[in-house]
Structures are given as C-alpha cells and as structure tokens.
Amino acid sequence: MLEMANVSKKFGGLTALENVHLRLEKNRTYGLIGPNGAGKTTLFNLVTGLLPVSEGSIRFLGQELTSLRSHQISRLGIARTFQNIRLFPTMTVLENVLVAQNIRTHSGITSLWLLRDGERKFREEAEFLLKQMGLWHKRKEKSTSLAYGEQRRLEIARALALKPNLLLLDEPAAGMNEAETEELLDRIQEIRNMGTTVFLIEHDMNVVMGICDTISVLNFGKLIAQGTPDDIQANEGVIEAYLGKEEG
Amino acid sequence: MSVYIEGVLALMGINILLALSVYAILTTDQLSLGNTGFMAIGAYVSAYLTVKSGFPLVPALIIGALTASVIGLLIGIPALRLKGIYLVMATLGFGEMVRTFFMNFEPTGGASGFRGPMGSSLILIYAFVLVFVVFFWLLSRSRLGRSLDAVRDDPEVASTMGLNVTHLKVWAFWLGAFIAGVAGGLYAHHMFYIESSNFNFLLATMIVLYVILGGMETFWGAVAGAVIFSILPEALRFMKDWRLSFYGAVLVTMMIVRPSGIITREMVRNFEEWLGRIFRTEETKDA
Numbered sequence: 001m002l003e004m005a006n007v008s009k010k011f012g013g014l015t016a017l018e019n020v021h022l023r024l025e026k027n028r029t030y031g032l033i034g035p036n037g038a039g040k041t042t043l044f045n046l047v048t049g050l051l052p053v054s055e056g057s058i059r060f061l062g063q064e065l066t067s068l069r070s071h072q073i074s075r076l077g078i079a080r081t082f083q084n085i086r087l088f089p090t091m092t093v094l095e096n097v098l099v100a101q102n103i104r105t106h107s108g109i110t111s112l113w114l115l116r117d118g119e120r121k122f123r124e125e126a127e128f129l130l131k132q133m134g135l136w137h138k139r140k141e142k143s144t145s146l147a148y149g150e151q152r153r154l155e156i157a158r159a160l161a162l163k164p165n166l167l168l169l170d171e172p173a174a175g176m177n178e179a180e181t182e183e184l185l186d187r188i189q190e191i192r193n194m195g196t197t198v199f200l201i202e203h204d205m206n207v208v209m210g211i212c213d214t215i216s217v218l219n220f221g222k223l224i225a226q227g228t229p230d231d232i233q234a235n236e237g238v239i240e241a242y243l244g245k246e247e248g
Numbered sequence: 001m002s003v004y005i006e007g008v009l010a011l012m013g014i015n016i017l018l019a020l021s022v023y024a025i026l027t028t029d030q031l032s033l034g035n036t037g038f039m040a041i042g043a044y045v046s047a048y049l050t051v052k053s054g055f056p057l058v059p060a061l062i063i064g065a066l067t068a069s070v071i072g073l074l075i076g077i078p079a080l081r082l083k084g085i086y087l088v089m090a091t092l093g094f095g096e097m098v099r100t101f102f103m104n105f106e107p108t109g110g111a112s113g114f115r116g117p118m119g120s121s122l123i124l125i126y127a128f129v130l131v132f133v134v135f136f137w138l139l140s141r142s143r144l145g146r147s148l149d150a151v152r153d154d155p156e157v158a159s160t161m162g163l164n165v166t167h168l169k170v171w172a173f174w175l176g177a178f179i180a181g182v183a184g185g186l187y188a189h190h191m192f193y194i195e196s197s198n199f200n201f202l203l204a205t206m207i208v209l210y211v212i213l214g215g216m217e218t219f220w221g222a223v224a225g226a227v228i229f230s231i232l233p234e235a236l237r238f239m240k241d242w243r244l245s246f247y248g249a250v251l252v253t254m255m256i257v258r259p260s261g262i263i264t265r266e267m268v269r270n271f272e273e274w275l276g277r278i279f280r281t282e283e284t285k286d287a
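From first to last, the protein sequence lines are chains E and Z.
Numbering-wise (the numbering used here), the first sequence opens with residue 1 and increments by one.
Numbering-wise (the numbering used here), the second sequence opens with residue 1 and increments by one.
Hint data in this document are derived by calculation from the structure and do not stem from the laboratory.
By construction, the Cβ of each residue, glycine as well, lies at the ideal position given by its N, Cα and C atoms.
Check each hint, because a few of them may be wrong.
Claimed, not checked - In silico SDA-like cross-links for lysine to any residue, where the CA-CA straight-line distance does not exceed 25 Å:
| hint | chain 1 | residue 1 | chain 2 | residue 2 |
| --- | --- | --- | --- | --- |
| 1 | E | 138 | Z | 141 |
| 2 | E | 142 | Z | 274 |
| 3 | Z | 52 | Z | 124 |
| 4 | E | 142 | Z | 259 |
What the hints assert, rightly or not - Examples of chain E residues toward chain Z, derived with CB under 8 Å:
| hint | residue |
| --- | --- |
| 5 | 50 |
| 6 | 71 |
| 7 | 80 |
| 8 | 88 |
| 9 | 89 |
| 10 | 90 |
| 11 | 91 |
| 12 | 95 |
| 13 | 102 |
| 14 | 105 |
| 15 | 108 |
So that you can see chain E by itself, here it is in the shape it has in the complex (with noise of 0.2 Å):
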C-alpha cells in the first residue's frame, strides 16, 4: 500500500536520508530500526508531508505523496504519533481524540447549531477508543496531565480516530515499563487485526521483534538491510551497525 521508490532528503550539505526504497503491504506490522540519528524520525516526516521530499517518490494506495500538503495525505488514511509527545495541551483527553474525527464529519461552521444524527456515533467510537487505550476514566482531564505512558497511549487513540489504512508509530513503548509495553503490544496487535496497517520506530528489541511481520534497518540514511525478524538478528551488517565492526 505504501511505496517509497529512491527517496532522498538533503538538509543543506547533509543528506538525511539516500536512495531508500521501501514496500509496505496491507495489513501487516513493520518495524524500522537503527542507531540514532539514522533518519527513521525523518522518513516519517516525508511519509506524512511535514518534510518535503528531496528526491524519489512515495506512493500510498496508488497516489502520489510528495507534492500533497500534510493535511491531505493523512485524509488519504495516513495517521502517526510523534517521538516527543505532541498532544494538543489546551485539550482534555476526549477532545484530543473527537478532534481526530474532525475531517470525517461536518466540522464546518454548521458544526455550531447543526447537532448531526453521526455525533452520537462519533462519541461512542472515542469512547470505544478510549476504552480500548484504558483512559476512559481520565476522559475529562487536561491531556498534559496524564502520565507519560498514558500519554503515548492517548496519542495512538488520537491516531486512531482518524480511521487510517496506515499507522506510523514513532517510538510507540519509550518511556514505558515492561508490564505497559507488553500491554502496548496487545493493542497494537488489536489495531493490525482490525485492519489497519502498522508501520513503527523502536528501539526496544522485545517490541520489535515480538511484533512486526518485516523489520528494516536505517544507518547513516541509508537501508542496509530488510527481513524478517529472524534474519535482522542475523545479519552482519546490523550487528556492525548497531555493535561496531570487530576489531583485527
């Protein structure tokens, strides 16, 4: 569904990212690793219009991405998360998700005396949402002032209220104990079940390689490797980039 075909981004001198070539199909999880600094962050930013493409293309479901305007690449079904927590801090936790909804029903200036038959719809999938990310008690709270895992976890649900065919995660289980990344990884297995796409940045190992169908590496900008999870642990090249080469 998503296809990234000889992508490049320069930064000035800098090339952040080179020549990536990257296939995603329906319905499947992908991970994408590698030390810091590589341009994972980076590739998620072209994929969802924040950053303009250098060079290449990146088609989603048969449409090209790189001269669309954020806004409308993630109506095409294209939802993420952000590495630093970026919630909408005026907001309370329910009015975090029903602005997700926004660009699926009439938000329009005949939102203000026009109370539409879908509105009662629309609240009881965020509560379904909320429900499910386990924040359905803390719904009339300010988003700031949740815990930071919460946090994480309200950001998915946000994502989620968007319907998309394709979920970026940037860093979904950073910041959170193991008792909540295993519960993470339970949602997420939900979400892929449900038919949603899902596409994420970790460096913890156990998500990565307890959850995605087909992991690939970034170092220094470029994919230096693609497989499964078995074939990732396997590889030398990974090994190098993450470990450093053996010395004599």
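Given chain E's structure and the hints, the job is docking chain Z onto it.
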C-alpha cells in the same frame, strides 16, 4: 439613564466587539495589531452608505463589515507566511496604512473628518454583542472550535489530523475583520462624527490589552477584559491627573499577578459544571 452613563456603556459594548475581533484571530495563534484598520473600514463604509446613499443603518453596518472582512482576507492570506512578532508588525503597518488612507481620502472628508452618521442605540450595540457572544459560545462547544484550538496548540500536528491549517487561519482573520468592521460601524453611528485619528495605534493596543488581561483561553476573557478596562478609567476619575498612571499600574500588576488573564478555560469549565449540578441533579452521573 444619564447621557454620561449611556456613553460609557455604548463604548463598552463597542470595546467588547473589538476585543472579540482580536480574540477571533487569536484563536489560531495569530496576534493582530491592525484591527483598528478593519474598524475604520467598517466605520467609513457604513457611514458613507447611511449619510450619502441613504441606506438604513443595519444593512449599511453589514456591508461595511463585509468590506472590512474582504480586506481581512486579502491581508490574512499573505500574513499566513508571518509568525509571532513579524505578524504583529505587519498588521500594525496595515492599521496605520488604513488610517492614513482615510486621512487623505477626500470623498469621506479626508483630514477634516466625516460628519453625520447617527443611530447607534444601546439596544443595537448590545444586540450585536449578544449575537457575537452567542456565536462564540456555540463555537467554543463545536467541532470547528476544536479545530481552531488544534491549530493554535500545534499547527503541525493539526495538519496531520487532516485539518487545513491555512483555511482555518484565513477564516479566523476574516471573522476578526468582520467583527471589527461591525464595531467600527456602530462606533461611527454612535459618535456622529469620525476622523482618521479615531482609529489610531493606541486604540489598537488597548483592544489587544483587553484580551490579554481578560484571558486569551476563552472568549469570556475578551468580554471580561473589555468590560473591566472600559469601566476602570471612568471609575478612577476621582484621581484626576493621576488616573492614567494608576491605570497603567493596574495593567502592570495584573500581568505579574495573573499572566493567564482574569478568566481561564478551567474557570469556565468549573462554572459550567457548577451550573449543571444546580439545574439538573438527576443526570449528573455521566456528564
């Protein structure tokens, strides 16, 4: 009611509208110091229509406001490229530009001003205040209101939620210009006489201050700020020459003591819950 009190109340109502016009633009995190420009356009256009063309007042006010809002669109689109202090400077320049335009524009009297508009009653002024207060109240509870909040909180994230940040920002500018245009029309027809210096930079600063001191999180802040800081200079008249110094001291103290403004969103939320508890005791379990 004495003429004096009526005059204070009328200007207070106009100040509420002006504060709301600044608030409208602020909902998308854009600060405009040029709303007196929109006000002047609304004032001159509507005054010309009623005095020279014999229009009834309310249609003239609407046409004046629409003219201001179209100019607002023209300003709002290029202004999107500017952020923070640069936008402030650009809008300030716009306000001054409009003011000097009317100073030199002979068909509306040029430097000698424009005489003759009349008919703004307290009822008319507060009818408009009511309309816009209800409008902002509905907006604050609507999906559109949430979209604006999202743009203000984090425009980049808002765009990944599918929200067209450009449209929302331009719409906010359009709305702010429209409200300022209405306020200008009402002002002209309250004063009977307008000149370009009425729409000066000091007024532009004052109406921004109303919003900052009243609270930027909710439109109630703009309303409260305009009310309090319209009455305060009058209430301080007994201080004679020291009045404005004291007024300035109040402003500085307010900023230090309560930087988030008089009214915060949390206050409104608590107040609504309290009202809810009073008026419906049965269904409070799940609100």
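### Message
Going through the numbered hints above, which ones does this structure break? Give me the numbers in ascending order.
### Response
Of the numbered hints given earlier, the structure breaks none, since each of them holds.
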